[in-house]
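Starting from the structure of chain A, add chain V where the hints point.
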Amino acid sequence: MGVGKATGCDMSVVFNQVRTGVFLDSVVLMRISRELADLEGIEEAALMIGTPSNLAILERAGLLSELGRQAGGGDLVLAVRARDAATAEVAATEAERALERPSRTGSQAETWQPRTLRSACSVMTDANFALVSVPGDFAAAEARKALRLGLHVMIFSDNVPLEEEVALKREAAEAGLLVMGPDCGTVIIGGVPLAFANQVSRGDIGLIGASGTGIQEVSSLITRLGGGVSHALGVGGRDLSDAVGGSSTFAALKLLNNDPGTRHVVLISKPPSTAVAKSILTEVAASDKTFSICFIGAAPLSVPSNATLLRTLKAAAEHAVGTSINAVAKEWGDGSVLPGAGRSRIVGLFCGGTLAAEAQVVFIDEAVSVASNAPIPGVSQLVAASHHVLVDLGDDSYTRGRPHPMIDPTVREGELVRALGDPTVAVVLLDVVIGHGAHVNPASAIARVLCKASPDRPVVIASVTGTKRDPQDRDAQASILRDAGVLMAPTNADAARLALTCLSLID
Amino acid sequence: MPLNVSSFASPSEALGHGVQIGCFACDVIDGARSGCVTAVFERSGYIEVDGDWVCVANVDAGYNAVTISVRSSSSNDWLDHFQVGAPVVITPSLLSISDRPAVNLLPLTLWSPAVAPCWSLATLSRGLQTLAKWAPDARLPADGLGQYLYGSQAIGVATRESDAAGGAIADLTQWLRGVVDPTGESGVLARSVRTLIGLGPGLTPSGDDFLVGMLIALSVCGAKRWQHQLANAVQAGLQGTGSVSQTHLKAAVKGEGGEALHQALVALMAGEGDRLGHAVSALDRVGHTSGWDGLAGVVTVLRAITGRPFLVRDGRCLS
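Read top to bottom, the protein sequences are chains A and V.
The numbers in the numbering used here rise by one with no breaks, and the one at position 453 of the first sequence is 517.
The numbers in the numbering used here rise by one with no breaks, and the one at position 56 of the second sequence is 49.
The following block holds chain A by itself, in its conformation from the complex:
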C-alpha cells in the first residue's frame, strides 16, 4: 500500500492511497466512496481502479497526487480532497477500516471464525438465537438447521418461499421456538438492536410487528416520548396472512405475556387477514397486559377491553406511553414556505413501506384521493396518470438486485430529482430512516440533491425516524435537512398532514 499527499488549490489537501491486488465488487466500492464523501470536511472522494481512463478523470477532478499518478490497472486508488490534512487523515483511517471489512485475504484465515451454525454453537454453548442472512434460496435450510440446534431464529433474508415459511413456523411452534421473519428487518431483544433498529430506551413496552419500519417509528417515538422498550419482535410481513395464520405473532405474544418486564404491548401490521386478526384478538383478550393495536389501513375491528385500536403509528406510540408527541416535539416546519402557483400534486417517496402506508392512512382520513405502488385498502394502484402518489421505494420492484434505499439513498435520488423538476408537483414528502444498518448520513444525500434543484422547486417535507442516540443522531439529521430548506415534521404522520396543509394553502 502506498500513501501520498499533495496540496491542492484553495488550501484543500489532496490525499491518495494506492493498494495493489485488492479486488472489491463495484457495489462495495461505490458504498465506501459515498461514505467517505459524506464525512465532514471531505470535498470529494473516489475509489477506483487505476486505469489510465480513471486516472484522467481523477486528474481533471483535481483528486490526484503524484502517488496516484503512478497507479496501474491492477491497483485500487483512493483519492480524496479534504479541507485540511487532519480531515484527510480521518478519511484515510475510515477508508482503511472500510476496505479491510469486506476483504477475504490470507491473513484473515489465521483468525478462526465459525462458518456454520453447528461450529458456532460448539464454541458458544449458551447461544439460543441465530440471525440468518443468506440469499433467499438458502435461508430456509439455514433456519431449519438453527431450529434443530434449539435456537430461536431471525430470518433477515427475503425471497423465502411461502410454503417454506409455513413449514419452518410449524416446526418452531412444535419446538417452542420463535421464528422472526422471513424478511424481518428489525428486532430489539433486551435492548440489543439487530439489523435495522434504533438505539431506543429500555422500558416496559413490548412491540410485535409484521413491519420493520413500523417497529422503528413506534420504538423511536416511544423513546422520544419518555417511554422505553422491553423487546421488539419482528414476525415477517406475511405472518398475519391466511396461509401463515399468525404463527409467529402467537409465539411472540406468548413470550411477551410471560415477560415480567413487559407491561404493555404494541401490535403493528399492515392489514391482516380478518380471520387471523380475530384469532389474535382472542389471544389478546386472554392476556393480562394492555395493548395498542395498529393494523395500518385495516377496516375497523372490535377489540377487547384491554386493547385500543389506533389508526397510525404515531397514535400507537402516544397511546402506549400516554403522552402526546406534540407536547415534546422540538421541530415543526416554518409554514411560511408555500408551493408555487400551478403546482397541485403531492409526491411521497418513502424508504419505509409501513411509513408509506401510514401516510396513505392520513390521506384517507382527510378524504384525499391518492395512489401507491403498495396501496392499502381504499387507495388506488399507482398508474402513470395518478395525481397524488405515495411511493414505497423499498418495494421489491425497486430493490431487486439493489441495496434498500435505507442503505443506499441514491436509490431514491433519481425519483427525487424527477419530482423536484416536475412543474406539477407542489410538495415532495420524504421519510428519513436512521439507526443501525441504515446509511451513515441519509440527510446529506437529500441535501446534496436539493442544493442542485431550481429555487422554485416544490416544497419538501420530511420527518426523521430514529433517536438522538442513533449513530446518525436524529437531531443532527433534522438540522442538515432544515438547513437544506426542508420543512421538518416531528413524525411521519405529521409530515403527511403538513403536506396536505401546504396544498390547502394554495387551493
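Hint data in this document are derived by calculation from the structure and do not stem from the laboratory.
Heads up, some of the hints might be wrong.
Chain A residues, not near chain V, derived (Cβ > 12 Å throughout) [said to hold, decoys possible]: (1) 105; (2) 117; (3) 199; (4) 349; (5) 405; (6) 549.
Only some residues are given here: those of chain V computed to face chain A with a beta carbon under 7 Å [said to hold, decoys possible]: (7) 32; (8) 34; (9) 157; (10) 164; (11) 194; (12) 233; (13) 280; (14) 281.
Listing some non-contacts, in silico: residues in chain A with all C-beta distances to chain V over 10 Å [unchecked claim]: (15) 102; (16) 157; (17) 214; (18) 268; (19) 478; (20) 488; (21) 539; (22) 544; (23) 565.
Computed from a predicted model, the values in this text were never measured in an experiment.
Built from N, CA and C at the ideal position, the CB exists for glycine as well.
Chain V alone, transformed into the frame defined by chain A:
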C-alpha cells in the same frame, strides 16, 4: 508435477458442484493442471490459469462465458478455501484449492448463450420501441453509462464517468452510422476505445461493460466487419483495464458474455416485450451498474442498425 494430496481427493468430498461452464472458461481450463486464486468475493472467486482468469461463482450469480457456475447445498461454503494466492489444482473431475477439494467438475455441461433469434428490421424496431416501457428514465441508475441508453446524449445528472464517455460514445455512434471517413475509422475506434476502456469504478468499469455490450451485439447480429474492427481496437487497448475486466472483454471479443445481456439482446432483436422485461430486471441485478452499461452498448449498436436498413438482410446485418 509434484505429488499432491488433492490428486487423491474424491470429487464427492467437494462442497460445491459445478453445473455449467462458459465457453471462454472451458477454453482456459481445458488441459490445464494448475492455477492460482487471484480474487475472492462474497459469491465468487477468480482463478488465474496460464495468464487468463476464470470466474468460479455461485449459480445464482447467473451464467457467463467466463464462469464455472457452482451449486451447493449450503450457501457459499465451497468458497471457504478460496484465499488470494492459494494454489489451484485442476483435474478433469475436480477443482482443488490449497489441497482441499472445492468444486466437483463432474458432470459439468457447457453453457451457451441464447442463440440469435429470427429477426428483421420490424422486430428490432418493435424491440427498441418497447425498451422504454421496461427501462424508463427513472429506472436508469444515476451512475455509470446507462444514461446513454437512449442515444449519445446522456439523460439525467452528469457524472465524471458519463462526461468523460460522452465524446467516445458519440464517435462510436457516428462510426456505426457510416459517417466516419473509412480511412479514419481505425483512428476513431482506437481513440474511442482508449477513452472508454477502464473508465469508471468497479472491477468491470462502465466503459468496459459498454464495449462488451457493443461487441456482443455486433457478433450476434452478424455484423462481422464492424465486430472485427471493434474487436481489434479493444484487444489493442486491453492493458488499459484491470485483469477481471480484461477477462470479460476477451470473451466479448469472441461474441459471448453474461446470460442476462444475451437474453436482453435477443429479446430486443426479436421484439419480444415480456422476455425483454425479464431480461432488463435480470440486468438490473448485475453489479452496481454493469448490466445497464452493457445494455447501453447493445442498444447503441441496435439503434445504429435500424438507421441503416439496407444493411439488414435475411436476419443478418451485412456490415
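For each hint, the structure was consulted:
{"no.": "1", "hint": "105", "verdict": "holds, 21 Å"}
{"no.": "2", "hint": "117", "verdict": "violated, 4 Å"}
{"no.": "3", "hint": "199", "verdict": "violated, 6 Å"}
{"no.": "4", "hint": "349", "verdict": "holds, 43 Å"}
{"no.": "5", "hint": "405", "verdict": "holds, 26 Å"}
{"no.": "6", "hint": "549", "verdict": "holds, 19 Å"}
{"no.": "7", "hint": "32", "verdict": "holds, 4 Å"}
{"no.": "8", "hint": "34", "verdict": "holds, 5 Å"}
{"no.": "9", "hint": "157", "verdict": "holds, 5 Å"}
{"no.": "10", "hint": "164", "verdict": "violated, 15 Å"}
{"no.": "11", "hint": "194", "verdict": "holds, 5 Å"}
{"no.": "12", "hint": "233", "verdict": "holds, 5 Å"}
{"no.": "13", "hint": "280", "verdict": "holds, 5 Å"}
{"no.": "14", "hint": "281", "verdict": "holds, 4 Å"}
{"no.": "15", "hint": "102", "verdict": "holds, 15 Å"}
{"no.": "16", "hint": "157", "verdict": "holds, 21 Å"}
{"no.": "17", "hint": "214", "verdict": "holds, 19 Å"}
{"no.": "18", "hint": "268", "verdict": "holds, 39 Å"}
{"no.": "19", "hint": "478", "verdict": "violated, 6 Å"}
{"no.": "20", "hint": "488", "verdict": "holds, 15 Å"}
{"no.": "21", "hint": "539", "verdict": "holds, 29 Å"}
{"no.": "22", "hint": "544", "verdict": "holds, 20 Å"}
{"no.": "23", "hint": "565", "verdict": "holds, 28 Å"}
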